[in-house]
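Colleague: Spelled out from the first residue to the last, the chains are:
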Amino acid sequence: MQLAINHLSKAYGTKTALDDFSYTFSPGVTAILGPNGAGKTTLMNLITDCVKRQSGEILYNGTDVLTLGKAFRKVLGFMPQSQGMYEQMTAYNFLCYMAEIKGLKKKDALPQIRELLAVVNLEGAAHRKVGGFSGGMRQRVMLAQAMLGQPEVLLLDEPTAGLDPEERVRLRGYIEDLAKDKIVLITTHITSDVETIADEILLMEHGNLHFAANRDEFVSGCGAADLEDAYLRRLHAL
Amino acid sequence: MRETKRILLSPKLWGLLALLLAFNLVLLVAQDIHMDGFYPAYRKELQTISDLPFADAQAQETAELERLQAVGTLRLWQSEENGELKSMLREACIQSFGADFESKIESGAIDLSEDALHENYLRRDVLQALLDQLAHLQEYPAYLQQVQANSKQMAALSIFNKPNSFSSRNIEKTAADFPATVDLQLDNDFAVTMLVTDQLGGYTLLIFTLFLTLQFLDERKRGLWSLVHGSAEGRSRLARKRAGILLLGVTLGTLVLLGGKLLFGMIQYGGIGSLNRNVQSIAVFSDFPWVMPVWAFLLGYFLLKVLGMWLVGMAVWAILQAVNHLPLALGAACIVLASEYALFRFVPDSYTIVFLRYVNLFALVDVPQIALHYLNLNLFGWPVQGFLLAIGLIPPLLAALFAANLLLAAKKKPVSRQNSLLSWFDRLRVPFSKAVGRLRLFGMELYKIFWLQKGILVLLLVALFSFVSMDAPQPDQELYDTELAGLSASMQGPITEETLRLIDSKIEEYSAWAPSETVLRQLGLLQQMREKVTQSLDAKDGLWLIDPTPYAALMGQNNGRYQRQNAVVLLLALALLLSGTFAAERQDRMQQLLRGSPHGRTRLWGKKIGVALLLTVVVWLIFEAGELTLLHKTYGAFTLSAPLQSFDAFAALPYHTTLGVAIAVYLLLRLLALCAAAGVILTLSALCKQTNAAILLNCAVLVLPACLSYMNINALDFLSFVKPLSPLEASATGYISIVVSCIFLCVLSNRIWKMQKIS
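Protein chains in written order, with my numbering: chain X, 1 to 238; chain B, 239 to 997.
Everything labelled a hint here was simulated from the structure, so no lab data went into it.
Yeah, the Cβ is synthetic: ideal placement off N, Cα and C, and Gly gets one too.
Keep in mind that a hint or two might mislead.
Only pairs whose alpha carbons sit at most 20 angstroms apart, straight line, appear in this in silico DMTMM-like list of lysine to aspartate or glutamate [unchecked claim]:
| # | chain 1 | residue 1 | chain 2 | residue 2 |
| --- | --- | --- | --- | --- |
| 1 | B | K672 | X | E57 |
| 2 | B | K992 | X | D49 |
| 3 | B | K459 | X | E87 |
| 4 | X | K129 | B | D886 |
| 5 | B | K672 | X | E115 |
| 6 | B | K672 | X | D216 |
| 7 | B | K770 | B | D886 |
Partial list, derived from the structure: chain X residues whose beta carbon lies under 8 angstroms from chain B [to be verified]:
| # | residue |
| --- | --- |
| 8 | T48 |
| 9 | D49 |
| 10 | L76 |
| 11 | E87 |
| 12 | Q88 |
| 13 | M89 |
| 14 | N93 |
| 15 | Y97 |
| 16 | E100 |
| 17 | K106 |
| 18 | F133 |
| 19 | Y174 |
| 20 | L178 |
| 21 | N208 |
| 22 | C222 |
Beyond 10 angstroms from chain B on every Cβ pair, some chain X residues (computed) [as the list claims (entries may be wrong)]:
| # | residue |
| --- | --- |
| 23 | S9 |
| 24 | N45 |
| 25 | C50 |
| 26 | N61 |
| 27 | T67 |
| 28 | P80 |
| 29 | S82 |
| 30 | M85 |
| 31 | T90 |
| 32 | G103 |
| 33 | E195 |
| 34 | E217 |
| 35 | G221 |
| 36 | D226 |
| 37 | L235 |
| 38 | L238 |
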């Protein structure tokens, strides 16, 4: 199972958002680090075909995702940065709706939804309207919907933003367990969230992929003490 | 100052004000759309008689009206073919125009051209309006004398003359309140009458006031209540400012909405008449006991409106402040207003609680309803005039509400424990949420439009309009003979030998009576019917005798106004119901999630189209059920099994089917047009990022042309769905193009939905 991206580019008008990006993702957690405007979210949107690519290809097990279409989206779980959801729906109904959109059968979906609500610690608020949720609770609902259907490719755009430390630790553990046989892409600013779980680290800036290595190499290669230090050193060295 | 600017200079507020004013004025124009030339003719005629004593003016106008009506008889004489009736009409013409009236017509001395007849009808309308006014002016002094006389007569009756009883005091007070005499003057009353009988103006001003009051909740909607409450001037001082803003706002609203309407009325009707004449000169003021000039009444009316709406706004604001949870606060305000309206509207005069009609917020919304209706209330045995009670309560209530609002602003904490009512609701929500969770995608989409986007309210409003508010259409009298219809109704059913025997027995019965105009007419009709029945029996075509009235009402071509009004309602309902179908997804920022999911593109689009069509059918079903029930109640039962040709208007049609099928086809064509309109709405919805923007766009594209068509402005008829919604006005090719465009629009909405990328 692999997701290969070859020479992918995207520009919004004159501004280049992604410039000739190439990388092959394998099962395990890949953390994509980079400052705001580095092109992380654009990469996610290109993989999900939410944004039209200008050039390049995205191959899933050797076939372009545009050719695969629905077949690729069936194995995809996506948690966008935007917290858009139906404000008037309860969290439970929202997940049921997303299960339908993902084509899950009711008998499979309902136990999964109950399990995921427990994972994201929203069992008690399952039947409350998401419009009344705090930012952290909404983030957890979004995470739960991304994990619905046990996708093979999981794209998580800033998954831990707005969560309290306890929730972050809990989720980190869950993602680590989940990632054993899946491709998990996480974009984040919070290096501590991926420090212990990321197998690969990618560093992006101005739409370019500047550095890609496994976690140990990423940290020790620049003589840093930890991932945060390494990230800052490598970023400033650009 | 910033708060004043934020609220009073808000584009939304001014937009709403402009919209409400436009709505009022459009309806005003629409009401008078068929009065072309009436008001100039009225003013001209008024000038000729304004200096005459009322009795002389009345005699002059009556004579003129009779002369004009006689021209109508001439026209009837010309068109009548029945020998007996024609000779009777001839006699009447000779009496009015002399024996040589035929030569007068030939020489042109009597003009019976279409133009002359049109002028004749216009003048008759003008004279009738003036005669109605003169009748009031002539009879009002007698009415006042009657009030005084009644008081003496009733006081003489033992049941009313118990001393210190409410009855005796009421009799005395009524006589004392009304003047013994009053100076009256004939003048142009239309503008003042329009203003004081206009309920719509009062309710649109209420909408404006409520909108203004809701602006005070902005910090709560945006989650800034704690911030405002915690700042130095965020409590009583802000509340004082807001009370002032509310007063300024309602003054502005009253001047624009009511002042604008009066001004427009003055332009439309050609002035307001003398401002110094007493209001009792105007017929609608018959029960208004206080003698005052028109200018004084108008001044007081505007002042009362301003203070009244200020009070309404303050009351609603107090309710909204008293409840922390915003939706619950809005619900509480709605319940209070609905209860107040029910008390205002439905409590009869004879009930003990009738005072609640006057001690009521709606008494200040719909002022004419209480001002022009004289009623003394029994307050502890003392008669108190209802209108005065309503006015008298304004100052103390304003003071109390002002204090309450200040206190609530100062003491009410933004954070509080959960309302117990909400906990109860939360318990109810669990099973509901679980039940919704079991729905499939189609059901979920239906739930979103029907429940989350409040489509249920639109359907309820359509039902309310169809079953309560709608007036039955007038049957198209060109399609049938009304008198013949009456006879046919009594013998409705398949034509058989028995029908012929029944007709013959009736002919025999009428022939035995003394010949009169009515008897001769009935005999003529029965002969006509006999002829038709004999022909049908000879041809063995199986036709029925039917009462054609309900068919002529449903499918008549002269019901343009009725059908256009219904088209406006149907299109508006669909625009409100379906505009959010695609636009709401973008508004809720759901596109990324949906596009990244396997069924978030084509299948979801298909389900949405399916749900939209289902809801279109539901709207159509509700509307048609209401329409057919109304027609059935008004004009009697449909004879659905009768062959199509039984209805004379369809006699030449070659199809071998029943009238029931014809009605079904007629209504299905209307459904087809509605589906095409739904296609337009969905396409535009897919183009919009906000539901409200989609509603506005759909109203502009669909409802506006229909409204213009309703007002007989045909400039945008080619864009309007009015004709396809009135199937007899449209052609077969029209429907073919509708089907083609419906398919095209569906494909287009699919392309738009699928092509949209995240920007």
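Colleague: Run every hint past the structure and note whether it holds.
Modeller: Each hint, compared with the structure:
The straight-line distance between the Cα atoms of B:K672 and X:E57 is roughly 42 angstroms, outside the 20 angstroms bound, and the hint therefore fails. Between B:K992 and X:D49, the direct Cα distance comes to roughly 11 angstroms. Compliance with the 20 angstroms bound is thereby established for this hinted pair. Between the alpha carbons of B:K459 and X:E87 the distance comes to roughly 14 angstroms, so the proposed pair stays at or under 20 angstroms and holds. Proximity of X:K129 to B:D886 is assessed by CA-CA distance (about 60 angstroms); at most 20 angstroms being required, the pair is judged violated.
For the proposed pair B:K672 and X:E115, the alpha carbon gap of about 15 angstroms is at most 20 angstroms, so the pair holds. This hinted pair does not check out: B:K672 and X:D216 have alpha carbons roughly 47 angstroms apart, beyond 20 angstroms. For the hint pairing B:K770 with B:D886, the CA-to-CA distance comes to about 10 angstroms; that is within 20 angstroms, so the pair holds. Interface hint at X:T48: satisfied, since its Cβ lies 4 angstroms from the closest Cβ of chain B, which is below the 8 angstroms cut-off.
Look at X:D49: its Cβ gets to within about 7 angstroms of chain B, closer than 8 angstroms, so that hint holds up. Hint status for X:L76 relative to chain B: holds, with the closest Cβ pair at about 6 angstroms, below 8 angstroms. Hint status for X:E87: holds, given a least beta-carbon distance of 7 angstroms to chain B, under 8 angstroms. Because the closest C-beta pair between X:Q88 and chain B is about 4 angstroms apart, less than 8 angstroms, the hint holds.
Checking X:M89 against chain B: minimum C-beta separation of about 7 angstroms stays under 8 angstroms; hint holds. Hint status for X:N93 relative to chain B: holds, with the closest Cβ pair at about 5 angstroms, below 8 angstroms. The restraint placing X:Y97 at the interface with chain B holds, with a minimum CB-CB distance near 5 angstroms, inside the 8 angstroms limit. At its closest, the beta carbon of X:E100 sits 4 angstroms from a beta carbon of chain B; the interface hint therefore holds under the 8 angstroms criterion.
With 8 angstroms as the threshold, the beta carbon of X:K106 comes within range of chain B, its nearest partner Cβ sitting at about 7 angstroms, so the hint holds. At a threshold of 8 angstroms, the smallest CB-CB gap from X:F133 to chain B is about 13 angstroms, leaving the interface hint violated. Hint on X:Y174 is violated. Least Cβ distance to chain B is approximately 20 angstroms, over the 8 angstroms limit. Here the hint on X:L178 is broken, as its CB sits about 18 angstroms from the closest CB of chain B, past 8 angstroms.
At about 22 angstroms, the closest approach between the beta carbon of X:N208 and any beta carbon in chain B exceeds 8 angstroms, and the interface hint on this residue is violated. Below 8 angstroms, beta-carbon pairs count as interface contacts, and X:C222 has none with chain B, the closest being about 35 angstroms; its hint is therefore violated. The non-interface label for X:S9 is consistent with chain B: the shortest C-beta to C-beta separation is roughly 16 angstroms, beyond 10 angstroms. With a least beta-carbon separation of about 6 angstroms from chain B, X:N45 fails to lie farther than 10 angstroms from that chain, contradicting its non-interface assignment.
Consistency note on X:C50: stated as away from chain B, yet its beta-carbon is not over 10 angstroms from all of that chain's, at 4 angstroms minimum. The Cβ of X:N61 sits about 17 angstroms from the closest Cβ of chain B, beyond the 10 angstroms cut-off, so the non-interface label holds. At roughly 15 angstroms from the closest C-beta of chain B, the C-beta of X:T67 stays outside 10 angstroms, upholding its exclusion from the interface. For X:P80, the condition that its CB be more than 10 angstroms from all CB atoms of chain B is violated, with the nearest at approximately 4 angstroms.
Distance check for X:S82 against chain B: the nearest CB is about 5 angstroms away, which does not clear 10 angstroms, and the non-interface claim fails. With a cut of 10 angstroms on Cβ distances, X:M85 falls inside the contact zone with chain B, its closest approach being about 7 angstroms. Consistency note on X:T90: stated as away from chain B, yet its beta-carbon is not over 10 angstroms from all of that chain's, at 4 angstroms minimum. Against chain B, the non-interface label of X:G103 is violated: not every CB pair exceeds 10 angstroms, the least being about 5 angstroms.
Its beta-carbon lying about 27 angstroms from the closest one in chain B, X:E195 satisfies the requirement of being farther than 10 angstroms from that chain. No beta-carbon of chain B is positioned within 10 angstroms of the beta-carbon of X:E217; the least distance is around 32 angstroms. Listed as a non-interface residue, X:G221 keeps its Cβ farther than 10 angstroms from every Cβ of chain B; the least gap is roughly 34 angstroms. Distance check for X:D226 against chain B: the nearest CB is about 33 angstroms away, which clears 10 angstroms, and the non-interface claim stands.
With a cut of 10 angstroms on Cβ distances, X:L235 stays outside the contact zone with chain B, its closest approach being about 27 angstroms. No beta-carbon of chain B is positioned within 10 angstroms of the beta-carbon of X:L238; the least distance is around 28 angstroms.
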